[in-house]
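Given chain F's structure and the hints, the job is docking chain U onto it.
Protein chains in written order, with full-length UniProt numbering: chain F, 1 to 361; chain U, 1 to 361.
Quick caveat, the hints were computed from the structure, so don't treat them as lab data. Ideal Cβ positions, reconstructed from N, Cα and C, are used throughout, including at glycine. Hints may be right or wrong, so weigh each one.
Interface residues of chain F toward chain U, partial, derived using beta-carbon atoms under 8 angstroms [stated by the list, open to error]: (1) 45; (2) 50; (3) 115.
Some chain U residues close to chain F (C-beta under 7 angstroms, calculated; not the full set) [claimed, not checked]: (4) 23; (5) 27; (6) 29; (7) 33; (8) 46; (9) 282; (10) 297; (11) 300; (12) 304; (13) 305; (14) 325; (15) 328; (16) 333; (17) 335.
2 protein chains.
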Amino acid sequence: MSLDTGATIGILGGGQLGRMLAVAASRLGFRTHIFEPSANPPAADVAHAVTTAGYDDHAALRAFAAAVDVITYEFENIPTAALDVLEAERPIRPNRRALATSQDRIAEKDFLSGLGLRVAPYHAVNDAADLAEGLARIGAPAILKTTRLGYDGKGQARIMADADADSALAAMRGAPAVLEGFVSFSHEVSVIAARGLDGSVSAYDPGENVHRDGILHTTTIPARLTPGQRSDAVLMAAKILNTLDYVGVMGVELFVTADGLIVNEIAPRVHNSGHWTQNGCAVDQFEQHIRAVAGWPLGDGGRHSDVVMENLIGDDVLRVPDIAAERNAALHLYGKAEARPGRKMGHVNRVTRGAGDPRRS
Amino acid sequence: MSLDTGATIGILGGGQLGRMLAVAASRLGFRTHIFEPSANPPAADVAHAVTTAGYDDHAALRAFAAAVDVITYEFENIPTAALDVLEAERPIRPNRRALATSQDRIAEKDFLSGLGLRVAPYHAVNDAADLAEGLARIGAPAILKTTRLGYDGKGQARIMADADADSALAAMRGAPAVLEGFVSFSHEVSVIAARGLDGSVSAYDPGENVHRDGILHTTTIPARLTPGQRSDAVLMAAKILNTLDYVGVMGVELFVTADGLIVNEIAPRVHNSGHWTQNGCAVDQFEQHIRAVAGWPLGDGGRHSDVVMENLIGDDVLRVPDIAAERNAALHLYGKAEARPGRKMGHVNRVTRGAGDPRRS
Numbered sequence: 001m002s003l004d005t006g007a008t009i010g011i012l013g014g015g016q017l018g019r020m021l022a023v024a025a026s027r028l029g030f031r032t033h034i035f036e037p038s039a040n041p042p043a044a045d046v047a048h049a050v051t052t053a054g055y056d057d058h059a060a061l062r063a064f065a066a067a068v069d070v071i072t073y074e075f076e077n078i079p080t081a082a083l084d085v086l087e088a089e090r091p092i093r094p095n096r097r098a099l100a101t102s103q104d105r106i107a108e109k110d111f112l113s114g115l116g117l118r119v120a121p122y123h124a125v126n127d128a129a130d131l132a133e134g135l136a137r138i139g140a141p142a143i144l145k146t147t148r149l150g151y152d153g154k155g156q157a158r159i160m161a162d163a164d165a166d167s168a169l170a171a172m173r174g175a176p177a178v179l180e181g182f183v184s185f186s187h188e189v190s191v192i193a194a195r196g197l198d199g200s201v202s203a204y205d206p207g208e209n210v211h212r213d214g215i216l217h218t219t220t221i222p223a224r225l226t227p228g229q230r231s232d233a234v235l236m237a238a239k240i241l242n243t244l245d246y247v248g249v250m251g252v253e254l255f256v257t258a259d260g261l262i263v264n265e266i267a268p269r270v271h272n273s274g275h276w277t278q279n280g281c282a283v284d285q286f287e288q289h290i291r292a293v294a295g296w297p298l299g300d301g302g303r304h305s306d307v308v309m310e311n312l313i314g315d316d317v318l319r320v321p322d323i324a325a326e327r328n329a330a331l332h333l334y335g336k337a338e339a340r341p342g343r344k345m346g347h348v349n350r351v352t353r354g355a356g357d358p359r360r361s
Numbered sequence: 001m002s003l004d005t006g007a008t009i010g011i012l013g014g015g016q017l018g019r020m021l022a023v024a025a026s027r028l029g030f031r032t033h034i035f036e037p038s039a040n041p042p043a044a045d046v047a048h049a050v051t052t053a054g055y056d057d058h059a060a061l062r063a064f065a066a067a068v069d070v071i072t073y074e075f076e077n078i079p080t081a082a083l084d085v086l087e088a089e090r091p092i093r094p095n096r097r098a099l100a101t102s103q104d105r106i107a108e109k110d111f112l113s114g115l116g117l118r119v120a121p122y123h124a125v126n127d128a129a130d131l132a133e134g135l136a137r138i139g140a141p142a143i144l145k146t147t148r149l150g151y152d153g154k155g156q157a158r159i160m161a162d163a164d165a166d167s168a169l170a171a172m173r174g175a176p177a178v179l180e181g182f183v184s185f186s187h188e189v190s191v192i193a194a195r196g197l198d199g200s201v202s203a204y205d206p207g208e209n210v211h212r213d214g215i216l217h218t219t220t221i222p223a224r225l226t227p228g229q230r231s232d233a234v235l236m237a238a239k240i241l242n243t244l245d246y247v248g249v250m251g252v253e254l255f256v257t258a259d260g261l262i263v264n265e266i267a268p269r270v271h272n273s274g275h276w277t278q279n280g281c282a283v284d285q286f287e288q289h290i291r292a293v294a295g296w297p298l299g300d301g302g303r304h305s306d307v308v309m310e311n312l313i314g315d316d317v318l319r320v321p322d323i324a325a326e327r328n329a330a331l332h333l334y335g336k337a338e339a340r341p342g343r344k345m346g347h348v349n350r351v352t353r354g355a356g357d358p359r360r361s
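Pulled out of the complex, with its shape left as it was, chain F reads as follows:
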């Protein structure tokens, strides 16, 4: 099934990713319908319709599903019961297995390890005995994380020495957790890859990520990778997508180490580290995702330019007047009224260099 012009794509989540998905959908002649609990979300400005309701409002979920042709999402922590209601009415793409795998850190690591991909050492922790066992096996420093990301933010606690164990466990507030060993890596890259309904796979050139205060700060294309690493990164992403029978765009974060690439985490959606594609490629990650979930052929993943993407976090938006006057700088603001600390307000793609003939890229 491939959707025709005028069809409606339902999007769970009305943040900036939903907003940019809606814009990309409009380029292909599709309408979008946003489902979002909070009022006036960023995506509402550019969507054809908006449902304001909670994920526990099953009547609203059913009406939303009935009003759209296919359902996708901008975030992975969608309650299972809501997915059950939605899936009874319309296809959800990417599929439930991708969601289930990425919603749970242990399920994700088990899945990736099962594919023969390397991940950081990890150990499931439900109580103090588990934690002691994990620390004995992995060693400090390590990090204890809840296995699921809740809506209220994620629980994480660093364990620099065994003495930190008790307070770290207390920070989990009884939630299932996983102890992860530290990985010694030189830098982080991510692969933004897509898989179509026909099983074809297309990956963008990997980008190199720099974080600041735990939030993505910049993504630079091209990343520092050897030709072998670049090829490994793309093959690893393709293996993940194919195994999950995935349809849509996925972000795969990888640590670059002296011994090869280690998977940090996967996100079953368009990804902040893929925003550079808006100004580096004829078909960006948002359109690629829409193409996939609509059953269209994937677009060309080649890039025509080098790009540095910089996130504008909180007060960074005060620099917008200067950035707006820069050469080769493409601004993308999300229409959020209030610039709270840590809040993603927009990003800028600086086209640093044309890549020559895009047919060769």
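Positioned in the frame of chain F, the structure of chain U alone reads:
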């Protein structure tokens, strides 16, 4: 005055130009409100609000104006009385003089001639005596056109010989008309130029236009122009914008002749021949227009790539599946349900070549 994120830009007209203006506005964090008499226009899919009312509904016009921060438009044939109502409430950009000049073929040609720019020979025609006088002066072949474009399509009649005069005049149905002489030109180019609220001017590299059945078929960048012609084209556009104290994007169509450039017509709005900028530049014509009317600095008008834009007219949309699978092809569909002959359904920008370092372009 420069608008802040979250401000609302009112757009008169809900067609594809309004749709792409709304998308560009969203990139800068603005909301858009569309005023359009017909139901479910293309721009409604991506606008924050839509007013469905006629241009004679002054209460609706006033409410629309009160709900927005600045007013712009996607077409030039807005009734004067409606503009009076709107302008009493909010600034209209580009200004009334630009509209008045481009709404009337004779006013436009008088204005351009007054600037010392060359236009095709023309003669005002209100009756048979005027037409005889015009034909004696200009000679056949020539073309008789109503001076104003009505909502019902434009009246045009070719006069290949004097014997065609009576039927051509009858086709004007009593409307004021202008007789235009034919110009012998090798090709047509257009300059998409912008002027900011601060008086700064930025022009995109001229594109070369090919028409088919009276409708733009392709625009190719770069156009065949000598360096002198390219510079002349941009200077002519800048002269027009400065004289009109213009704010926004204008399309200036030029005939290339052995003796130099002749102005065909000007359009006080984003222009079909500027659609290539969506995939050739960091800042496209739609964003450039929004920046100007919002009082922002103009963006970089440089381009990073060569592009061929092809309009998809009527049944051309049947080729969309093939185009969607092409390399380096960026699709832009307008979400129109019915593919009537002559109807603009979308366009495709084929990125034919990266232009190297955009800082040098």
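Here is what the structure says about each hint:
1. 45: holds (5 angstroms)
2. 50: violated (10 angstroms)
3. 115: Cβ of residue 115 (chain F) sits 29 angstroms from chain U, so the hint is violated.
4. 23: holds (5 angstroms)
5. 27: Where the cut-off is 7 angstroms and the nearest Cβ of chain F is about 5 angstroms from residue 27 (chain U), the hint holds.
6. 29: With Cβ-Cβ at 3 angstroms, under 7 angstroms, it holds.
7. 33: violated (11 angstroms)
8. 46: Check passed: Cβ of residue 46 (chain U) comes within 5 angstroms of chain F, closer than 7 angstroms.
9. 282: holds (4 angstroms)
10. 297: holds (4 angstroms)
11. 300: Holds, about 5 angstroms.
12. 304: Constraint on residue 304 (chain U) satisfied, holds at 5 angstroms.
13. 305: holds (6 angstroms)
14. 325: Since the shortest Cβ distance to chain F is 4 angstroms, the answer is holds.
15. 328: holds (5 angstroms)
16. 333: holds (3 angstroms)
17. 335: holds (4 angstroms)
In summary, the numbered hints that this structure violates are 2, 3 and 7.
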